[in-house]
Amino acid sequence: MTGVDGLDGLFEVRIGERDFGVFTSCTGLEAGTGVVVLSRPPVGRTAAMSDWLRSRPEKSIGEITMLGPERAPLACWSLAGVSPVQWTGGERRGGRPGAPFETLELSCADLTRIIW
Numbered sequence: 002m003t004g005v006d007g008l009d010g011l012f013e014v015r016i017g018e019r020d021f022g023v024f025t026s027c028t029g030l031e032a033g034t035g036v037v038v039l040s041r042p043p044v045g046r047t048a049a050m051s052d053w054l055r056s057r058p059e060k061s062i063g064e065i066t067m068l069g070p071e072r073a074p075l076a077c078w079s080l081a082g083v084s085p086v087q088w089t090g091g092e093r094r095g096g097r098p099g100a101p102f103e104t105l106e107l108s109c110a111d112l113t114r115i116i117w
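For what it's worth, the working numbering labels the leading residue of the sequence shown as 2, then goes sequentially.
For the record, the hints were derived by calculation from the structure and aren't laboratory data. Ideal Cβ positions, reconstructed from N, Cα and C, are used throughout, including at glycine. Be aware that a few hints might be false.
Unchecked claim - Label pairs and their calculated CB-CB ranges: (1) P70 <-> A110: 31 to 39 Å; (2) P70 <-> V44: 19 to 27 Å; (3) C77 <-> V36: 28 to 36 Å.
All chains, full assembly: derive it from the sequences and hints.
Set out below in structure tokens:
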């Protein structure tokens, strides 16, 4: 599996019953297990993310869908044993000037890619 990890694009994220919206960058999908890191400019979902993290969620299932032109699904990854590692909001990417980014880091026990 190549061609996705670390690229910018559109990655729709759902964990359990929660929809965390679309992220613009993703790493860790090609590893199969371990840590997945997603980032995006802040989009006003801070409260939803904070509520989820404060609830101390148990490991659950999730899904990351890579979207193509016109937001058509290109590929999907099913995540099992997902739990949050860290979430940061409003930080500048790599310390560079420009728009701030928020980052969500997830731990997952199993990651399976589904290709359409």
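Hints and how they fare:
1. P70 <-> A110: 31 to 39 Å: This hint holds: roughly 33 Å between Cβ atoms.
2. P70 <-> V44: 19 to 27 Å: holds (20 Å)
3. C77 <-> V36: 28 to 36 Å: violated (19 Å)
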